[in-house]
Structures are given as structure tokens and as C-alpha cells.
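Enquirer: Here is what each chain is made of, one letter per residue.
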Amino acid sequence: MILVWMIALPLLVGIVAWIAARKSDGLSRWIALAGLLVEFAIVLRLWVDHPIRMLTPGHSSWLVELKLAWIPQLGISFHLALDGLSLLLVALAVFLAIACVLCSWTEIQERVGFFHFILLATLAGIIGIFLAMDLILFFVFWEAMLVPMYVMIAIWGHENKYYAALKFFLFTQAGGLLMLAAILGLYFVHGKATGTYTFDYEQLMAASIPARTAMWLMLGFFAAFAVKLPAVPFHTWLPDAHTEAPTAGSVILAGLLLKTGGYGLIRFLWPLFPGATAAFAPVAMTLGVIGIFYGALLAFAQTDLKRLVAYSSISHMGFVLLGVFAWNELAMQGAVVQMLCHGVSTGALFIIVGQLHERIHTRQLPRMRGFWETAPRMGAIALFFALASLGLPGLGNFVGEFLVLFGAYAAAPGMAIAAAIGIIFATVYSLWLMYRAFFGPRNDVVQFADLDLRESILLAAMIAVIVWVGLFPQRALDTAGPTLRALEPHAVRSTGATAEHPGLAEVSPPDWMGMVKFPGQDRAR
Amino acid sequence: MSSIELYALLPLICLAGSPVVVLTAIAISRDHRVATIVTLIGLGASLAALCLVSPLVPVQITPLVVMDGYTLFFVGLILAATAAVALLSYEYLARRGSHHEEYYALLLFAALGACVVVASNHFASFFVGLETLGVSLYALIAYLRATPRGIEAGIKYLILAATADAILLFGMALIYAKSGSLEFSETAATLAGDYSGVQVAGLALLVSGIGFKLSLVPFHMWTPDVYEGAPAPITGFIATVSKGAVFALLLRYFSEAPAQDFSSVAFCFAVIALASMLAGNLLALLQDNVKRMLAYSSIAHLGYLLVAFLAERELAVTAVAYYLVAYFLSILGAFGVVGMLSGGEEEADRIEDYQGLIWRRPWLGASLVIMLLSLAGIPLTAGFVGKFYVLAAGVDSSLWLLVLVLIGTSVIGLFYYLRLIAAMFKSLETPREELRARPAGYAAAAIVLGVLTVLVIWFGIYPSPLIELIQRSAALAAF
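Residue numbers (my numbering), protein chains in the order written: chain A, 30 to 554; chain B, 328 to 806.
Only chain B is shown next, with the shape it has when bound in the complex (with noise of 0.2 Å):
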């Protein structure tokens, strides 16, 4: 490994070492405030590292890992989401329980698995990286042990994701048996126009654990349950940094073998789209509790990327990173709401804790509701640009089944949205009493809040300069 290889690794390696210090500082002194500083430290030196490299990409640093600007740009988006993810935390997790500090080393090896899975182009280093990020899922999801049903979420997804994690090696191994290498553009060189059986099983069982990362139809089981228990900052996390890094690996992956070109695969996306799209807004009329709603309205969303996904590439990929964009910033400001909202005991996730919040809570309901039409594509959001995108590159493709359910699905969800908006304008007929003391560290959240609902509005109404940093850096151009 040459020095520049090295020296282009720089945010991985910042990255890696943060959990090392905070775990350090713990053996030190236990105290939950430094444990948050040294995080967000951590994270911003590799922020700051990223810029750093950003100059000499492409690097490909052994066959594992590639530094490229699409690496980059998602790297960045993964980091600036754990920070606003560790910032809700601290006021989350100072109104529960103790032994909050190894939570936030684990919430950095999470993002560090997820970083690796952005940057694989190699088999081995992407089972790697999901490993990392799922094991620290695990602790995480169950990180408030105290609740049953934080247990019975960590205990659901560990068993369920383990089993994915095993379908997916399979996969792999079927697929390495046929093509000898490991290597992303390898094993896409020997796939076109390769039908044979364990080819094709290799592709399925693939898919099988890819679409259970993503929580996509029929492999969203897990979805509800892990989000319903899951402390509100991990469900957060989970639906943005999880996903989002699973499906720029997705993206990379089918980049090599453009998933169109591969009818049979294509197809399959498609049937997956479908479904996702119907399963999760039509289950997500169904819901009562908010969590659960975000949950299913989660696996809607993934359901439209796809539509992005199937599209050509030129537009998909500018498609697919801005719609992640857009949904980090109002996946991550609506989690942020519930994770503000909840109290001591119980997570905020009935309907009725909503009732009248923006009246009770103005700016905390004003937040929720901007979040709540961005994922619902209302213009003048971000969310209404990542619609746009997406709808643009599935008629450019003339995926004209794909747009049309995604219209018509898009106004179901809408329903479920302004559901909860409409209890949020309701009076209260009995005043409820109100969060007496502000908890330490609500600042910072509201801070975060607010950062993220200004993004959400900055983004909807001038989306021109993300644009370009996507269309600079984003691009697979090196492939």
C-alpha cells in the first residue's frame, strides 16, 4: 500500500480510530457530555479529512476499497448524518437510564461499517463493513435494555439480519463459484448474458439480502417492529445511514451491469418496486402509532428510489443522491421530533401525543410538519426535488407502470401524512401538561432541528448547488 493510498484512506482511518478514543475516555472517566465531544470530534476530523483527500480521487487502495467522488460524496452524507444523529442522542439518552458513553462508540462503528460498505467495490470489504454496522445495530437497537421492547426489537433484528447476513454470503459464494473474483467489475464482467442456475440463484439470494437491508418488499418484515423499538435517534439512523449506505452499494454494484441490461434483474427491481411502493403506504393507512408509520412510509421510500435505480444511469444516479439527501434531512428531522417529544418512560408515538403539538409546541410542530411534506413531495421541500428527480428519470426511461403506481401511491401516503398533521393542528380540549424543565442538551437537538429543517427548505426552494456538487462528485464517471 503505496503512502498515497494511505494517505486517501485518511477518513476511514479518522473514522476508526474515534471509537478507540471515546472508548478510552470512558476507562478514564465516564461522563456522557465528553463522550458526545469526542464523537463529534471524531466525525469532524474525517469530515475535515474527507476535504482533504477530495483532491486526489479517484484512488483505488488495495482491490477492497475504492476512494472515488461517488465514495466521497456519500462518505460525507453518512458522517454529517451521525453527527446530527449523536447530537439528538445526547438529549435523548440524558433523560434515560446511565451508561449512555459506549453508546456513541458503537454509533461510530456503525458509521464506520457503513462508510466501508460505501466505499467497497470487493465483496469481501462489503460483507465486512455490513458486518460492523450490523453488530453495532444490534447493541444499539437494544441499547436501552430496561425496555422490553427495545429487547424484543435488538433480539428480532439480530436474528433476522443474521439470517440475511447469511443468505447474502451464500450469495456471494455462488456468485464467486461462477465467476472465480470477488471484485465488483469482475464478477458484472462474467454476468452479462450468464443465465445459468447458480448464476441466477447467486443474483437472487444477492438480492434476497440486499432487499433485506433495505426493508423492501417481501423482505420488510423486521421494518415496524425494529423501528417501534428501537430508542428514536437509533430508528433515525437506521432509516437513513443503514439504508442509504446499502443502497449506494446497490448503485455501485448494478453500475457495472446496468440492471436494465440484465432483464431478468430489472424485472425483479421492478416487481420489488411495485410492491414496496403498495405494501408500505397502503400498510402505513393502517397505523397508529407514528414510529410504525414512518416505518412502513420508510419502505415506500425505498420502493421510489428503486423506480430512480431502474432508470439510466446518467439520471439515476443524480436521482438517487439527491432523493437520499432529501430523505436523510426529513427522515432524521422527524425522528428528531419523536426522539424530542418522548418522555422518560415511554416513546412519543401514539397520535394522540400529537394532538395540538403546534399550538403546545410551535416550533417543534412547525419542524414536524415542513419534515412531514418533505416526505410526502410537497414543492418548496427538498423532498418535493428528490420526487421530481425520481419521476424524471422513471419517465425519461418511460417506466411509465413504475411512475404511474408511484403517483398513486404517493397521494395514499399523502394521507397517512396529513393525518398526523391534522391531529398536530387540532385544540387540546384538556391543556396537557407540559415538559417542565428543558433536559440537558436540548439546545443542541433544537439546534440540529433547526438545521435540518432550514436544509429541508433550502434544498426545496434552491436545490441548483447540490445539485452540482452531486452531479461533480457523485457521477460514476471513474467506472
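Pulled out of the complex, with its shape left as it was, chain A reads as follows (with noise of 0.2 Å):
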């Protein structure tokens, strides 16, 4: 039941929250903050609660398991489940709707009530897709998410919100459409196969479906998380949509909602088509590479401060896709910790930008000069995520990058060389963010105050999150390593199925499992 709370909760302060609104906004805030404070608090105590099972190789890696009948008729279970993986998608995502509140305290004062509520209903919906094993119930919380976050682009939302708010909604749901045509040719698929009619996660896992079958049924989950993802020819949405977003929104959309995509690959991808997948994994790690450039180029071209940020993470999430589809698990571990850190960071580049935005109006790159001289704690604050997310070693992005490289190195050669090239771009346009913006001579136009106590104390909580996966990343690649590791066998499976692709039949994981040992890692074998 815990984990039905774990979704119900958000929406039940939400809802209380909007109620509040009619006293006075602050008890609103107030009431979702500790709401979700709360929620964290239980995401933690599951955390320390099951530190021995997740280091147990061989047993079931769900920690907390539900299943109840909801459309017997179908074969529609009311599934959730949590491993390792969930659990630290699930942490994020309430760090960073916590996160969401703090920064929008000032920023939003329109229907405070309905925005709260809003904001819980998406992070209700989003960790509703991190728990559910159902491939209908998945499905739900997918699309059900959509319109919430419709709905907050929508209202407050900048200039061009309503278009943004459109072509958000319309990408995706086209992506999902072809999705669920996906899950209902699976479905047949394995239903004609077995006699058994289910959308149960496990049990599809099993299916063995006809080579061209299966080629077409991934191509439809593919679609929807490369979309959500994104990767690069579905990705125009994601600049919009960034962009017109409150800043809050621009948090949870590149935070979170990139992050379904994600784990999306990783969960249901692999498992569901590993051989069809090894065959489409070159292609799948070119569109990554061609993200991590791409996104990179057209950040530096941005004077839209809000636009550098959306397309860095384009680049960004070029990795995550690289890592995903070079499946051994170092790289997986990569693209894990890549979608956590990276979550963060871009998060508090987003609320930073927000900040800015709120106290000059503008975010526009050519009207900014030398801030560091009026808001010198920003202008570091600021640094410190430009060097994360350029993956300056000893923070969280480099861990993740380093991670994708190795284990896409195995994979793909060619591949990881062109991606690490990709790195440099990074670092272009992250320092030429700081450049415009905070360096120079003192600016006596524009003149605000620096952070105050509360922004202080959520980037300060911010910078620790990445500091720590930066030095201590063992603890998030535990975590997330029984659930990559009991997905692995259905990898080793595809890559012998697929011997006419060398590149892939070559990897073979324990080798460089072997070469690169982290601190505790015969401890987490």
C-alpha cells in the first residue's frame, strides 16, 4: 500500500493546498512544501530500509510490490512495484518538486491554489510512471501527466505559452498513440502465443515474438520516449516548451519528464525486444551522437538564456540515449546517474535563469553583462552548475559521462570517441554562458539583489546532491546496479542474436566489469 500512498499523497496535498489558497496563498505553499517533505521522507526511510536486499544479486530486485485486478476483463492489473531503479527516480523527482515550490514562492502569485495542486498532480502522475508494471497502467500515468503540464505551460506560462503548451502536448501524444498500438500488438503478439491475455510487465517479458514483429512493436515504444527523451528529429518540441514554461515547469520538464523517457529504455525497451533493439542500437547511439553535437551547437547559438539551458539538455540527454543503447551495465550505470545529475543540475540552471528573470525581466543573453559584481553569490551559484553540467570531474555529470563513454567504448568505439568529442562543446557553451552573463566589467545599468535566504538554501541543497553523487557515486550505482544487472541477461541474449552487427557481438561486459572497479564494488557483487 505504501507505494499507492506514494502517488496518492501528492494528490490529496495538492488538493488540500488548493483549498488553502482560499485563506491565503502562503498557507498554500506552505502546506505543499510540507506535503512534500513528507513524501520525501517516506522515499528515504524506503531507502534505508532496504539497503541489504538491493545488495543481494539473484533475488527478486522489487522492494515493494502491489498487485491488484483493476480491468480483469483485459488482463489490466493495478500493478506497482519499486526496485532500485524506481526508487532513485522516484527520489528526484520529489527533491525536485520540492525544489519547484521553493523556487516559485515569489514567482508564481496568480492561483497559487490551482498551481500547487497542478504541480502535485504532475510529480502524482510522474511517480506513478516510475512504479507502474503494468504496460496499461504505464500508459496511463504517461498521458495522464501530459495535461497538468499542459495545463501549467498554459497559464503561467511566458509570451508564447499557449503555442508551446500545444506543441508539447501534441508531440507527445502522437509519440504515445503509437506507443499503446505498440502494447496492443504485444499484447496479441503474446496473447495468440500463450493463451494468457495480460499487459503484465513481467510476464511480457517472457514473449517471444517474430524478429519483424518485434522490430515494429519497439519502433512504437521507441517513438514515444524518443519524443520524451528527446531525441534529435523529435525534439522541437522541448525548446518551446522549456522556454514558455514557469520556471517551475522548465524544472520538472527537463528534471523529470526527459527522465520517463529514459527509464522508459531502459525498462521497458530491453527487455521487451532485445534482440530487435541490438539490431536498432546503432542507429539509436548515432541520434544520440547527433543530439550531443547538435544540442551543444544550437545552445551556443541561443541569446535566450532559458533556450541554452533546453538545448544543452538536448545534448545532454544525447548521452543517456548513447549509454541506454550501449547496454552493459556501466553504461547503463552512466545513463542512471547521468539522468539523476543531470536532473539537478539543468533543474537549478533552470531556477537560476528564473531568478534572473524575475529580477531584470528579460532573458535575453545580449542585456546581461557582469552580474557577478551585483550578485556575486548567484554568479557562483551559477558557476558551479555551468561546471556540472560541462562534467568538470569530481561532480555528479562527470561521473555519468565517464560512466556512458566506458561502457559505450565496449560497445561502440567509433561511438563513444565522437560523444567524448561532444564533451568539449559543453564546455563552450557553459563558460560562454557565464561570460555573457556574469563576467565582464561591473554592470551599473542593471542593478537586483542576490539571492536571498531561501534560494540560497535550495541551490545550496542542490550543489550538495551533486557534489555527493560527484565524490560517492557508489551509493546511486547500488542502488540502481541489481535492476540493471537482472535486466543484463536479456542483453547478453541479443547480443549473440545479432552477430551480424560486430560492433555490438563484440561487447562483452564482464571483461570491463573487470578493468574498472569502483570503491565497493566487490562488495556490490
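These aren't lab readings, by the way, just hints derived from the structure by calculation.
Here the structure is a predicted model, which is why all the values come from computation and not from measurement.
Hints may contain errors.
What the hints assert, rightly or not - With a cut-off of at most 30 Å between alpha-carbon atoms, the simulated DSS-like pairs for lysine-lysine come out as follows:
(1) A/Lys96 <-> A/Lys221
(2) A/Lys52 <-> B/Lys753
(3) B/Lys753 <-> A/Lys196
Stated by the list, open to error - Distance ranges between label pairs, derived from CB positions:
(4) B/Val598 <-> A/Thr456: 56 to 62 Å
(5) B/Leu755 <-> A/Ala330: 35 to 41 Å
(6) A/Thr391 <-> B/Val598: 50 to 56 Å
(7) A/Ser53 <-> B/Leu755: 20 to 26 Å
Where a beta carbon is used, it is the ideal one built from N, C-alpha and C, also for glycine.
With the hints in hand, could you dock these two chains into one complex?
Expert: See below:
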């Protein structure tokens, strides 16, 4: 039941916060904050309570599981389950939701109660995505979450909000419906072969599908995840949505929505269609590398600060795509860490942009200069996250990118080399951002206040997470490890099956596992 | 006719009796409220009779009418929808013109016609039912005869529907000439494998006539004008009861000779489905008038339904029945809101009328948003489960082209639903004058809308009981 509560609590708190706004906006904010802190405590407790089982390989990797009949006529169950991978992402989701409440504290002044309801409803949907182990349930959360997200952009967004919200909705809906068709295809293929018609993830994992069918079904799933991630040809909704959304919306989009795409790839694509995915991997990895370059180049070309950060997301998510499709434990671990750290660091950058916008009412880089003198604290924090985003060793993003490159090199050396060059581009746009906005002679035209206590605490917490993951990644790796290892047999099966793709078939994860040892790796295995 | 048969006919007898009672009541004293209450009592009695009869089914009553689970399910749906329309109309009419009482008699006649269509398995009863429905609708569409648009819509519908009926009748005649019978099962038996000219022509005319009633492309021309001109509750009635009944009949007719076996018919319906989905959704994009937009969207919805219709029988019936329930709820709700927003003179059918609705009248706005999301097929609404079923039926039968077009056009469809929703979220620069006093019957209409909204969400979150009901009753197992 704890899993139901994890989804229901944000929703209930959201309703209470909505009602409370009739009394006062402040009350609504505090209620939302308190509710999220309770939720965060629940997640952390789950993490602390289940450390041992996470480290035992071979054990069923669900920490908590709940399965109820929902629509038995169609074999749809209400199946929620939590494992290490889900736990990490849920923790990220709740953490960023707290950040959203805090960063909107003064930015959102209109319809405050409704805002918190929408925010928390989105969170509930996202947590649902990370917990659902029935494909239809997953799809329901996947789509249901779009509505509050749409509303958030359409009500509290900036100038071009309706266009951006619509584009976002249409893109994700198109991908989502293709996924629904693929889910149904899988359901009937599996049902006709075995006689049990079910949408249950674990049962469908065992489905044997004819290769051609599997390829089409896999592409259906890939369409949905590639739009969300986003992978390059499907990315055009992202800059608009990020730019027009209010700060909290951008944080949710960058921090969480994109992660649902990566999560979907890891959780569903490989395990359900190992052969087809392996055959498709070179294409997907190419898209990932293209994304890394394309995102970085376009980020550099932007004059709108928020758009710059948005394009940098595309670049970072290219690493996730690369890592997932390399499909060895190292690269997957990297992809997971990259998702976590990108969520926090890009979220923080969006928050900083939002704070700047709140103060000077523009996001245009040409109108900024020399803000370091005006707001040294903000400048320093922005520098920190810019460095995190360019992958400075010692910070979390470095761990992610490093592991992805390591793993990808084993799978496809050319891709890894190209992606590594892409990191240089990240350096260029990150430092360019700092140079344009914060460095230079003191800006006497625009004056504004430095970060206040609330903003400082919020960003300090985010810095702490990045540093923690950067210096002690083992805890996160251990948590996601069992899940990824449990999924790995599918990859081994698939690499054997695709001898015609030598680049993939050469992968032998154990060697790399042996070469790269993190502290505690022995304990973990 | 045995007493059992007469007893089994009780729901239809109750329904046939109630307009007589309404007319008698009018003769005694003209009172809008009394007329409405009598109507509701009549509908309620017939619903109760439905429950009484349900243990007896299936019963074939004369060669004309069959009362089986399938009939009972759709009759129940029609009665419930008519009751909702009656309550919404009360509030709507109370703000307009005079002499509202006959409206309810016509509404009951129309419902009776629809029920006979659903219950028929004989061309004669089908046609009689269809005409009862049609003739009542001519009058209902033009009921507000002071408005030019109402008259225009009424005449348009009269002329086109009469033509379509003639075509339908001719089709029946040709099929009769070939098979020598008017019973569905007899004609269907001779259908299989017969590709003679007379037979094909008969079927083609039949399909055209039915296509007109369902406003499928290319027989859809009347839809936007009639939807726009008719009173909002009647528009809802046409979109749901009239189309739902004919679709139920279509499904019954081709259950006797499954369409996918009769490949040219199936091909024909597949082309119609593609055209309806594409044209309906694309043309809806161009509309600035909400009622016209919903008209085109209903064309598209019938196209989706045809995808399920073309799938294999077992899943098709459940899919169609579920989709129709969801569609009934959402369309009635949407037109209910349109009706409640309409002022004394004008219908609230421009997009600007909806600007900021969610802030001006939050409950009404929220209700419309939910209805539109349901029509768009977003999860947690009944519309999603319906669309899911249709997709499942299509995928199961490997109708890939239809499924892909359905997906593509659904996304296009989302565009215009979201356009309306976005308008509702827009803040108003200048506060507009609000409806002052609550008109008579406001509470009743609000309750109907509330119930519809709750049902849309309930069937979206927990569809299991409804699916069970459909599978138990609506299966065409009797054949």
C-alpha cells in the first residue's frame, strides 16, 4: 500500500493546498512544501530500510510490490512495484518537486492554490510512471501526466505559452499513441502465442516475438520514449516548451519528464524486445551522438538564456541515449547517474535563469553583462552548475558521462570517441553562458538583489546532491545496480542473436566490469 | 402474439404510451414543468420495465422485433440519454420562446423510433423506427422556429434525410428482390457469396442510406449545418441517440453476415472509415464555431467506431458498445455545457464565448474540459477506455492502416480540442457580464452535467463493471 500512498499523497496534498489558497497563498505554499517533505521522508525511509536486499544479486529486485485486479476482462492489473532504479528516480522526482515549490515561492502570484495542485498532480503522474509495472497502467500515467503539464505551461507560462503547450502535448501524444498501438500488438502477439492475455510487464518480458514484428513494436515504444527524451529528430517541442514554461515547469520538464523517456528505454525497450533493440542500437546510438553535437551547437547559438539551457538538455540526453543503447552495465549505470545529475544540475540552471528573469524581466543574453559584481552569490552558484554541466570531474555529471563513455566504448568505440569530443562543445556553451551573463565589467545599468535565504538554501541543497554523487557515486550505483544486472541477461541474449552487427557482438561486459572497479564494487557483486 | 411476447415488449409500450400522456396533459393544461416531469416518468417507467423484462430475453416478437440482451442494453442507453436531454432541454427552453410542451412529446417519439431501430431484425420495423425517429427530428431541429438558422437546419435535414430514406428504401427493395425476404437473417444468408449486380447495388444503397444517418464521409454534408442550427440539447440528441441507434443496427445487421467475410463491403466500410477520420478531423481544424467543430469531430468519432466495427466480432461488439457509452456521455456533456452557456437569443458557439470560462464559471468549465479530454481520448476518462478498446479491436484484427490513421487523426483531433481548452484557460482582459439570475431548471441541468462528468471519470478509472455489463448483456450471442 505504501506505493499507492506515494502516488496518492501528492494528489491529496495538492487538493488541500488548492483549498487552502482560499485562506491565503502562503498557507498553500507551506502545505505543499510540508506534504512534499513528508513524501521525501517516505522515499528516503524506503531507501534506508532496504539496503541489504539491494545488494543481494539473484534476489527478486522488487523492494515493494503491489498487484491488484483492475480490468480483469482485459488482463490489466494495477501492478506497482519499486526497485532500485525506480527508487532513485522517484527520489529525484520528489526532490525536484520540492525545488519547484521553493523556486515558485515569489514567482507565481496568480492562482497559487491551483498552481500547487497542478504541480503535485504532475508529480503524482511521474511517480506513477516510475512505479507502474503493467503496460496499460504505465501508459495511463504517461498520458495523464500530460494534462497538468499542459495546464501549467498554458496558464503560468510566458509570451508564447499556448503554442508551446500545444506543441508539447501533440508531440508527446503522437508518440504515446504509437506506443499504445505497440503495447496492444505485444499483448495480442503474446496472448495468441501463450493463451494468456496480459499487460503485465514481467509476463510479457518472457514473450517470444517474431523478429519482424518485434522490430515494429519496438519502434512504437521507441517513438514515445524518443519524443520524451528527446532524441534528435523529435526534439523540436522541447526548446519551446522549456522556454515558455514557468520556472517550475521547466524544472519538471527538464528534470523529470525527460527522465521518463530514459527510464522507459531502460525498463521496457530492452527487456521486452532484446533482439530488435540490439539490431536498432547502432541507429539509436548515432541519434544520441548527433543529439550531443546538435544540442551543444544550438545551445551555443542561443541568445535566450532559457533556450540555451534547454538545448543543452538535448545534448545531455544524447549521452543517456548512447548509454542505454550501449547496453552494458557500465553504460547503463552511467545513463542512470547522468539522468539524476542532469535533473538536478539543469533544474538548478533553470532556477537561476528564473531568478534572473524575476529580477531583470528578460532572458536575453545580450542585455546581460557583469552580474557577478551585482550578485556574487548567484554568480558563484551559476558557475558551479555550469561546471557541473560541462562535466567537471568531482561533480556528478562527470561520473555519468564518464561511465557512459566507458561503456559505450566497449560497444561501439567510434560512437564513444565522437561523444567524448562532444563534451568539448559542452564546455564552450557553459563557459559562454558564464562569460556573457556574469563576467565582464560591473554592470551599472541593471541592479538587483542577490539571492535571498530561501533561494540560497534551495541551490545549496542541489549543489550538495551534485557533489555527493560526484564524490560518492557508489551509493547510487549500488541502488540501481541489481535492477540493471537483472535486465542484463536480456542483453547477453540479444548480443548473441545479432552476430551480423559485429560492433555489438564484440561487447563482453564482464571484461570491462573487471577492469573498472569502483570502491565497493566487490561488495556490490 | 403470446402474452410473454407482449410482456417482453413492455419497455417499448411504456415508451409509446408516454407521449400520449404528455399530449393529454397539454390538452388539460399547458405547463412546461408538468410536461417534463411526465416525460421523465415515462422514461423511468420504461427503464423499470427494461429491468423486469431482462430475465426473459431473448424473445423474438413477431418477425419484426427481437428483445435480447443487445437490444436491452442499447434501449437502456437511449432512454438514459433521452432523460438527460430532456432535463438539459428544460433549462434551455425555459429561457426561450413559448409553447415548449410538445417538444417533449416529439422527444419521446424520437426515442421510441430509436429504440425500435435497435430492436428490429426486419427491414420493415427498421424502416418504421427510422422514420419515427426522423420525422420527430425534423420538427425538433426546427423547434425554435423564430430563429432563421433553426428553420434552415430543419429544412436541410428534412430534404436530405428524405432523400436518404428513399435511397435506403430502394436498397431494401433490391435486396428483397434478390433474397425474397425482409428478415435480416434471411437476407444475410443469401448475401454470402452473391456478387450479382442487383445484390451489390442493393447493398451499396443500403450503406449510403445508413452512412447518411451516421454522417459518415461522403454522406456528411448536412452535419455541420444541422448541428449549428438545432437547439444545443437536440444537437446532442442527434449526435448520440440517433447515430447510436443506427450504429447498433448496423452492427446487428452485419453480425448475421460478418463484414470482413464479405470483402467488398468490408473494403467499402474501410474506405468510409478512413475518409471519415481524415475529413472529420481535418475539417474540424478549420472551424471557429464550437458546434460545427463538434459536428466534424462526431464524424471522426463515427469513423473510429467503424474501425472497431470492421474488427473481429467478439471484440468488436464490446468495443463498439463501450465506445458508444463513452461517446454518449461526453457528447451529451459537451452539448449540455453549450446549452447552458447559451443566452436567450444566441447560441454560445463562438470560441470567444468560451474565453476564460474556467475562471468565470469553474464548475461548468471543468466539466467541459473533462468532456473534451474524454472526446480526445486522454486517460482517466471514459473516452480513453473507448479508444483503447477500438485500437485493441483494430490491432487484434491487424487492421494496421486503419489503426495508424486512427492514431494520426487522433493527434490532429487533439489540436482542436486543446484549442478550445486553451481558450477556456485564457484570462479575460475585460470582465464580461455574467448570467444574472439562475433560470428555472438550472439545478436540474447542473445535476445532469455533474452526473455525466462523474460517469465519464468513473468509467475512465474503473471500467470493469461496465465492461462486465456489456459482455453479459450486449454480446450478440443469440445469433
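Enquirer: Take the hints in turn and mark each one as holding or not.
Expert: Against the structure, the hints:
As the CA atoms of A/Lys96 and A/Lys221 are separated by approximately 24 Å, the hinted pair is consistent with the 30 Å bound. Proposed proximity of A/Lys52 and B/Lys753 is supported: the alpha carbons are some 24 Å apart, at most 30 Å. The suggested pairing of B/Lys753 with A/Lys196 holds, with an alpha-carbon distance near 17 Å, which does not exceed 30 Å. For B/Val598 and A/Thr456, the hinted distance range of 56 to 62 Å is satisfied, since their beta carbons lie about 57 Å from each other.
A hinted range of 35 to 41 Å holds for the C-beta pair B/Leu755 and A/Ala330, which are about 38 Å apart. Range check, A/Thr391 to B/Val598: about 55 Å between beta-carbon atoms, so the 50 to 56 Å window is met. In this structure the supplied range 20 to 26 Å holds for A/Ser53 paired with B/Leu755, their Cβ-Cβ distance being about 25 Å.
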